[in-house]
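*Asks:* One letter stands for each residue in the lines below.
Number of protein chains: 2
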Amino acid sequence: MNNFIFQNPTKLIFGKDTISSLSSEIPYDKRILITFGGGSVRSNGVYDQLKEALKNHHYIEFWGIEANPDISTIRGAIELGKREKCDYILAVGGGSVIDGSKLIAAGILYDGDPWDIVLKRDWTKEKVLPLASVLTLPATGSEMNSGAVISNREKREKFAFYSKHPIVSVLDPSTTFTLPKHQIACGLADTYIHVMEQYLTTINQSPLMDRWSESILQTIIEIAPKALNGKEDYDAMSTFMLSATMALNGFTSMGVTQDWATHMIGHEITALLGLTHGHTLTIVLPGTMWVLREEKGEKILQYGKRVFGIDGDNKEETIKEIIEKTKNFFKSLGLKIKLSENGGDISTIEEISKRFRERNARYGENRSVNSEIAKEILLHVL
Amino acid sequence: MNNFIFQNPTKLIFGKDTISSLSSEIPYDKRILITFGGGSVRSNGVYDQLKEALKNHHYIEFWGIEANPDISTIRGAIELGKREKCDYILAVGGGSVIDGSKLIAAGILYDGDPWDIVLKRDWTKEKVLPLASVLTLPATGSEMNSGAVISNREKREKFAFYSKHPIVSVLDPSTTFTLPKHQIACGLADTYIHVMEQYLTTINQSPLMDRWSESILQTIIEIAPKALNGKEDYDAMSTFMLSATMALNGFTSMGVTQDWATHMIGHEITALLGLTHGHTLTIVLPGTMWVLREEKGEKILQYGKRVFGIDGDNKEETIKEIIEKTKNFFKSLGLKIKLSENGGDISTIEEISKRFRERNARYGENRSVNSEIAKEILLHVL
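Sequences listed follow chains A and B, in order. Everything in the first sequence is counted per the working numbering, starting at 4 for the first residue and increasing by one. Everything in the second sequence is counted per the working numbering, starting at 4 for the first residue and increasing by one.
Just so you know, these hints were derived from the structure itself, not from any lab. Careful, some of the hints might be misleading.
What the hints assert, rightly or not - Beta-carbon label-pair distances, calculated as ranges: (1) TYR237(B) <-> ARG309(A): 19 to 29 Å; (2) HIS383(A) <-> ASN5(B): 40 to 50 Å; (3) GLU225(A) <-> PRO228(B): 30 to 40 Å; (4) ARG124(A) <-> ALA163(B): 37 to 47 Å; (5) ARG309(B) <-> GLU235(A): 22 to 32 Å.
Unchecked claim - Partial list, computed: chain B residues near chain A (C-beta under 8 Å): (6) ASN6; (7) PHE9; (8) THR21.
All C-beta atoms in this analysis are idealised placements derived from N, C-alpha and C, irrespective of residue type, glycine included.
Using the sequences provided together with the hints, build the complete structure.
*Replies:* This is the structure:
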């Protein structure tokens, strides 16, 4: 096991009718900037519960943080927050709203352009405003981690930066009942592949972390059909919501190496084609697994055996079978998982490969995913 | 899944040669009271590393917090801390030292007798001094939770109370290399049964929490022989140390009910016979499982199947087999697991039953463990 430092101070308030708890969680003397995505929270009751909870607080609203939050939108929110002297941010929505709000919380206390913060990457030591969140779409884990991914559509770029954890996050699984099926599918995929990025690395680093990762994978596979069936299944949605948060809050990565090459390629697909983040990962992961089967082989076999019960004599054939099973799970979510089925073609691959070359990219656990390997991965899933 | 609130702010610094990190973790302007158990840290190098790390800090030392920390010892430490105007506590040792130090951290800021704090039980809202810890014996999880158990030998009592989490805990697995085999055995048992108290309850509350609990059980069974073999096995001891912390820090109990009846009976055995805490649990648990096989049956079957691979047609016979397997694991740790093998007899049972009756005890998930059931449990394991 590697040495590590773990700390996750976020207070999680989880369950039915918990949005009302914000009335006591947020101090009354704060000037809150509430940030929203589109208008879905107006129709699913979240907005009304929020207004009731904060009826004795001072707040202003900022609407319109889009999926893959764009720096231009965030600039607008920061301007508003500065003008209104806001000193507390409350993000209401999915991972995009929370990610964007992490940059807002940092940007209001920063004099320059917020894109500097994203490019700086590590903002963990800087002053930021306190941030709370109400999660309505389980997927990214942003509600209980310090990371955020921001897009710059003008430059067709998308980068992650790290700031502070939310102080408190409220997760009411019943707020997910009105989600479109495709968003649930992408959230399930995102959760699954967050785990894979922390798990599919060198074997025998930590037997406990391995099992905790496999637990999330098994649980997501188990509840996916129920989460997607369109009925108001509280048990399934609460398990999904808890799993998504636990998949990227540091709980499964203590003392182990991580990968994230699939994400780095996936971010480029979103930047170029506009696909939902979780969906891009289902396209890339099977390629990563196949192309990196030499370095990841032993862990792929462990994954196949423990998660799918697949065991075989021929290593290469068994790995193929495990990848096929993984692809079938993604397809069962209703996702088309070939690049060409989603608007991509050889020029997409050439562009991503060019970008990786220009920034001299070396991603993944062993820094082996460079421009050429990324191209090989993408050709495999074209 | 039940509603829940989760928050665990402790910073975990884990790995080789990490004690030196205390030099930057503890502010220089603090007057530290360092609390120790017996002298074992003098011979295993921990004390020297500590002195080096804190050479520019102001500190005084308090030695002699015993296993099952006694209120009279804690009173002495609090007096010293008050006299020396200490405003930071650093606990160095196992769970007993950390537990005792939680009461010291509370008691220095309290005007009355510290036993009041224990009897009050919930001290989470009160002011306490900041507490850091250096863990040298994996077992209780106290390094990353808010609980503590204090004994009152004069009254032959032992109760738990809840205060604040440690600010920071340093866990260097190599500090465990010099532990006596019996202490490692009791630590492994303690870890195992902490999980069981949060797991062996009503089924189908949270599939993820179930799997995370089973993961710790499987991992402890897997590494126990290596942890006990007396060689300096860093991988085994780091896995043991991480598992012990994760077994009682709230990570496996989100949204599920808990039991703790085995602990309540075990505390009485320690109070009466002086047995090590973890050891008492191995005596009681098989009795709890058997006597409560009606209410816990479905979960016992899940446990047996997933942890031991036991599956059978006859429910009662299968439960018997699962309990036997559990007992055999405890015996494999070198522990004698019958009450009568450890100085207990029918009078011990009568006394515990009497105490439960006097305090009108109703312990366990379903409040079914009263004086009579406790007696039945203990008779089963006599």
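*Asks:* Next step is simple, just say for each hint if it's right about the structure.
*Replies:* Status of each hint after checking the structure:
The hinted window of 19 to 29 Å between TYR237(B) and ARG309(A) holds, with their beta carbons roughly 24 Å apart. With their beta carbons about 45 Å apart, HIS383(A) and ASN5(B) fall inside the hinted range of 40 to 50 Å. As the Cβ distance of GLU225(A) to PRO228(B) is approximately 32 Å, the hint placing it in 30 to 40 Å holds. Look at ARG124(A) against ALA163(B): about 44 Å separates their beta carbons, and that is inside 37 to 47 Å.
The given range of 22 to 32 Å is respected by ARG309(B) and GLU235(A), whose C-beta atoms sit roughly 29 Å from each other. Interface restraint check for ASN6(B): the shortest CB-CB distance to chain A comes to about 3 Å, inside 8 Å, so the restraint holds. Here the hint on PHE9(B) is kept, as its CB sits about 4 Å from the closest CB of chain A, short of 8 Å. Interface restraint check: THR21(B) against chain A, minimum CB-CB distance 7 Å, threshold 8 Å, status holds.
Hint compliance for this structure: every hint is met.
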